[in-house]
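Trainee: With these hints in hand, go ahead and build the complete structure from the sequences.
Count along the sequence shown starting at 1, add 4, and that's the number in this note's numbering.
Hints were generated in silico from the structure; no laboratory data involved.
The beta carbon of each residue, even a glycine, is placed where N, CA and C say it ideally should be.
Possibly wrong hints are sitting among the right ones.
[To be verified] Derived Cβ-Cβ restraints for the label pairs, each shown as a range:
1) Ala46 <-> Ala13: 12 to 22 Å
2) Gly38 <-> Tyr8: 43 to 53 Å
3) Tyr64 <-> Cys27: 11 to 21 Å
4) Arg7 <-> Pro72: 38 to 48 Å
5) Ile67 <-> Lys35: 24 to 34 Å
6) Ser20 <-> Lys70: 28 to 38 Å
7) Leu52 <-> Ser25: 28 to 38 Å
8) Pro72 <-> Phe11: 38 to 48 Å
9) Ala13 <-> Ala73: 41 to 51 Å
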Amino acid sequence: MIRYPEFVAKGWQLGSGPTESCCKALTARLKGRGRRWDARNAEAVMALEALKQSGQWQAYWLIQAKIPA
5 MIRYPEFVAK GWQLGSGPTE SCCKALTARL KGRGRRWDAR NAEAVMALEA LKQSGQWQAY
65 WLIQAKIPA
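Mentor: Laid out in structure tokens, this is it:
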């Protein structure tokens with residue numbers, strides 16, 4: 005069960021609005037004019053866009069650079 009009063013006191017967002025907005029923006033990136041995607045490539049592009057939107061782009065690529073090929 006969510007500890008709603010505690011989370012509100014901490015100033016945490018509890019609504020689904022920001023998440024739904026981000027999903028809408030990510031989906032819009034794929035639906036540009038004349039774009040066609042297969043499921044595998046669409047998922048890869050969505051994952052990259054999610055990294056960017058969440059502010060984790062730099063951290064992700066720093067970690068990837070440390071992993072041996």
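Trainee: Each hint should be assessed against the structure and marked as holding or not.
Mentor: Here's how the hints hold up against the structure:
no.: 1; hint: Ala46 <-> Ala13: 12 to 22 Å; verdict: violated, 40 Å
no.: 2; hint: Gly38 <-> Tyr8: 43 to 53 Å; verdict: holds, 45 Å
no.: 3; hint: Tyr64 <-> Cys27: 11 to 21 Å; verdict: holds, 19 Å
no.: 4; hint: Arg7 <-> Pro72: 38 to 48 Å; verdict: holds, 42 Å
no.: 5; hint: Ile67 <-> Lys35: 24 to 34 Å; verdict: holds, 30 Å
no.: 6; hint: Ser20 <-> Lys70: 28 to 38 Å; verdict: holds, 35 Å
no.: 7; hint: Leu52 <-> Ser25: 28 to 38 Å; verdict: violated, 18 Å
no.: 8; hint: Pro72 <-> Phe11: 38 to 48 Å; verdict: holds, 41 Å
no.: 9; hint: Ala13 <-> Ala73: 41 to 51 Å; verdict: holds, 47 Å
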